[in-house]
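**Student:** In case you want the letters, here they are:
2 protein chains.
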Amino acid sequence: MKKIMNEPQNFVDEVMVGIELAYGDRVRLLDGDKRILVSAYPRKKGKVGIVTAGGSGHLPVFLGYVGSGLLDGCAVGNVFASPSAKKMAAMITACDDGNGVLCLYGNYGGDKMNFAMACEMVEMDDIETMSVLVTDDVASSPRETAEKRRGVAGMVFAFKVAGAAADEMMSLEEVVAVTKKAVSNIRTMGVALSPCIVPEVGKPTFTIEDDELELGMGIHGERGIEVCKMLTANEIADFIFEKIVNDMPLAKGSEVAVMVNGLGATPLEEQILVYSRVASRLKEQGVSVFMPHIGEFATSMEMAGLSITIMKLDEQLKALLRKPASSPFYTSENK
Amino acid sequence: MKKIMNEPQNFVDEVMVGIELAYGDRVRLLDGDKRILVSAYPRKKGKVGIVTAGGSGHLPVFLGYVGSGLLDGCAVGNVFASPSAKKMAAMITACDDGNGVLCLYGNYGGDKMNFAMACEMVEMDDIETMSVLVTDDVASSPRETAEKRRGVAGMVFAFKVAGAAADEMMSLEEVVAVTKKAVSNIRTMGVALSPCIVPEVGKPTFTIEDDELELGMGIHGERGIEVCKMLTANEIADFIFEKIVNDMPLAKGSEVAVMVNGLGATPLEEQILVYSRVASRLKEQGVSVFMPHIGEFATSMEMAGLSITIMKLDEQLKALLRKPASSPFYTSENK
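So the sequences go chain by chain: W and C. Going by this note's numbering, the first sequence opens with residue 1, and the numbers climb by one from there. Going by this note's numbering, the second sequence opens with residue 1001, and the numbers climb by one from there.
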């Protein structure tokens, strides 16, 4: 495994500069800060701000969802490391337009601690913040302690819902309420076939044997629930599908959004095979799929593997999900 | 290296079924044929048809560009193998609306032979066809024999231009003329860091050493122009950039479209680093970039590596490139 990069210690800064070079008409570095990206799309006056933060190395998460009808800003740290509270506070301040800011992010210790400090810092400037943590990874903690679960690819659906809600000029409390509902309806689980390389480390941070895969592995290589011999596409889909529906039963006649997310090195063709099986299993249960997402939405550099996300919909969530949204990395057209 | 699949011999058929399952509101299998995808988007009456064909294993190429303002149809073969002339003929027939069909495809022996036969077959039904071959890979033949070059990621820009021209209700001759102009203005070159696995073969079809990369490798693993020790992102960008501008000089004050295309396993972050260097080099030369494309547009399964495409623009090409286009795999918004 090799990486296409220059000096490892400049990796994140160079990516940020590149994003502004390519898409400076739509997003920009906040005051030239190479760790803070904010939206340059037109924004409704007084709209609640939606922000996130987290480690680098997961593109399109997190930076890729700064746009219109999505996030207003994002602070990033080094690869797989949280940004500082100070960066977060600067970003929150830039994204407030008088009616408060929702901090919407994955449930990881560093991000939680730094966001808590950042929210305290901006409070002194009378900026109101509320936080919603994404906890969609069913593999990371049992149902009884679901609040301990990590946030993974399902956060993209949460960004979409929160961004649309803010665009509808909901108040901060209303945006929080619907985003919490979305998060409670989202479940994700992934499998990894190979590790990835953090630029400054320079070698894989763990190993998976050539004929094995790890079920339930996290997007930073956190230990999964089982290492087993390689499975077929259908077996992988079935395994994850059952874990998810056991955790969140789906009623006949209900509707869900489905995301099959490539972790980095897994071909789109293989993601489609897994989607196909999930769609068939849902059909068997009388559940219909709205707006399937297949592709790379939340990656772990060049890790091979994928995750499946299912989000239970009601009329409100469906309406927010279908609202047009746009960023340099993600486009959702009105349907 | 492992693949997420079921029976290898069913790989392509299952992918096609999955695409229809996921996106059946926008594309469909022609009469249920698992090798022919046609657009289900609304289509202007009498519009010239735009079609392509080629081997599977390159998603989003080719199937991913069947949509609105893009291709009307696409026939695919097994992984890295041409579809039959019969499938191509059925697709051409389905995509004709009385004013002829442009067959727009990469310059490969099998596709060329089969398209020639297919065009003869439909001629008996009075369907007019014209063909344009994409020959953008500067590494595959010297400038003196540029007509022998292979078609690679640059074909996406050709699809976009041809699709927009047809949507403007140009005649077949006019669509051919502007598409030929586009092709003559497109140059691409790639580098590979790792091989890929064809499902039915089950193991990598070639090897690249752990500390090496291959410059100019084709998207099926065709031999490149040089194997060398691993380079930095800037060195890779510089090497390709110079090959391209030596082959197609760019005047100060001119405008180009740029695509940095991941071949499968290369993270988006790394593609952005390469884009960044290309953009800087162009700026130095007084050349501006219009609509940068960074991501996976034409892959080789899980091959690691990337390609750079530069397309010289004039007012007509720019206007066609910027027209809105949409498919399940590609969206271009009006700017």
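Watch out, some of these pointers could steer you wrong.
[As the list claims (entries may be wrong)] Here are the simulated DSS-like cross-link-like pairs (lysine-lysine), alpha carbons at most 25 angstroms apart as the crow flies:
1. Lys-252/W with Lys-180/W
2. Lys-1243/C with Lys-323/W
3. Lys-243/W with Lys-1181/C
4. Lys-1047/C with Lys-1229/C
5. Lys-1180/C with Lys-1034/C
6. Lys-1252/C with Lys-1229/C
7. Lys-1203/C with Lys-283/W
8. Lys-2/W with Lys-180/W
9. Lys-34/W with Lys-1318/C
10. Lys-2/W with Lys-1318/C
11. Lys-180/W with Lys-148/W
12. Lys-1229/C with Lys-2/W
13. Lys-1181/C with Lys-1312/C
14. Lys-1180/C with Lys-229/W
15. Lys-1002/C with Lys-2/W
16. Lys-45/W with Lys-148/W
17. Lys-1252/C with Lys-1203/C
18. Lys-229/W with Lys-1203/C
19. Lys-203/W with Lys-1312/C
20. Lys-2/W with Lys-1180/C
21. Lys-252/W with Lys-203/W
22. Lys-203/W with Lys-243/W
23. Lys-112/W with Lys-34/W
24. Lys-243/W with Lys-323/W
25. Lys-148/W with Lys-283/W
26. Lys-181/W with Lys-2/W
27. Lys-203/W with Lys-1002/C
28. Lys-1181/C with Lys-1047/C
29. Lys-1312/C with Lys-1044/C
30. Lys-34/W with Lys-180/W
31. Lys-45/W with Lys-323/W
32. Lys-318/W with Lys-181/W
33. Lys-34/W with Lys-181/W
34. Lys-1002/C with Lys-1112/C
35. Lys-203/W with Lys-1180/C
[Stated by the list, open to error] A few chain W residues that don't get close to chain C, going by computed Cβ distances all over 12 angstroms:
36. Lys-2
37. Lys-3
38. Arg-277
Everything labelled a hint here was simulated from the structure, so no lab data went into it. In this text the structure is predicted, and so the values were computed from the model without any measurement. Don't be surprised by glycine CBs; every beta carbon is placed ideally from N, CA and C.
**Student:** Against this structure, judge whether each hint is valid.
**Tutor:** Here is how each hint holds up against the structure:
1. Lys-252/W with Lys-180/W: holds, 24 angstroms
2. Lys-1243/C with Lys-323/W: Violated, because 44 angstroms separates the two Cα atoms, which is more than 25 angstroms.
3. Lys-243/W with Lys-1181/C: Measuring from Cα to Cα gives roughly 54 angstroms; hence the hint is violated.
4. Lys-1047/C with Lys-1229/C: Distance of about 50 angstroms is beyond 25 angstroms: violated.
5. Lys-1180/C with Lys-1034/C: violated, 31 angstroms
6. Lys-1252/C with Lys-1229/C: violated, 33 angstroms
7. Lys-1203/C with Lys-283/W: Status violated; Cα separation ~35 angstroms.
8. Lys-2/W with Lys-180/W: Judged against 25 angstroms, a Cα distance of about 40 angstroms means the pair is violated.
9. Lys-34/W with Lys-1318/C: violated, 31 angstroms
10. Lys-2/W with Lys-1318/C: violated, 36 angstroms
11. Lys-180/W with Lys-148/W: holds, 15 angstroms
12. Lys-1229/C with Lys-2/W: holds, 11 angstroms
13. Lys-1181/C with Lys-1312/C: Given that 25 angstroms is the threshold and the Cα spacing comes to 10 angstroms, the pair holds.
14. Lys-1180/C with Lys-229/W: violated, 50 angstroms
15. Lys-1002/C with Lys-2/W: holds, 18 angstroms
16. Lys-45/W with Lys-148/W: violated, 36 angstroms
17. Lys-1252/C with Lys-1203/C: violated, 47 angstroms
18. Lys-229/W with Lys-1203/C: Cα-Cα ~17 angstroms, so holds.
19. Lys-203/W with Lys-1312/C: Outside the cut-off at roughly 39 angstroms; violated.
20. Lys-2/W with Lys-1180/C: violated, 38 angstroms
21. Lys-252/W with Lys-203/W: violated, 47 angstroms
22. Lys-203/W with Lys-243/W: violated, 32 angstroms
23. Lys-112/W with Lys-34/W: holds, 21 angstroms
24. Lys-243/W with Lys-323/W: At roughly 30 angstroms apart (the allowed maximum being 25 angstroms), Lys-323/W and Lys-243/W break the hint.
25. Lys-148/W with Lys-283/W: violated, 31 angstroms
26. Lys-181/W with Lys-2/W: Cα-Cα ~42 angstroms, so violated.
27. Lys-203/W with Lys-1002/C: Distance of about 20 angstroms is within 25 angstroms: holds.
28. Lys-1181/C with Lys-1047/C: holds, 20 angstroms
29. Lys-1312/C with Lys-1044/C: The hint is violated at about 29 angstroms.
30. Lys-34/W with Lys-180/W: Not satisfied, since the Cα-Cα distance of roughly 31 angstroms exceeds 25 angstroms.
31. Lys-45/W with Lys-323/W: holds, 19 angstroms
32. Lys-318/W with Lys-181/W: Cα-Cα ~12 angstroms, so holds.
33. Lys-34/W with Lys-181/W: violated, 33 angstroms
34. Lys-1002/C with Lys-1112/C: violated, 32 angstroms
35. Lys-203/W with Lys-1180/C: violated, 46 angstroms
36. Lys-2: violated, 5 angstroms
37. Lys-3: violated, 6 angstroms
38. Arg-277: violated, 9 angstroms
Hints 2, 3, 4, 5, 6, 7, 8, 9, 10, 14, 16, 17, 19, 20, 21, 22, 24, 25, 26, 29, 30, 33, 34, 35, 36, 37, 38, counting from the list given before, are not met by this structure.
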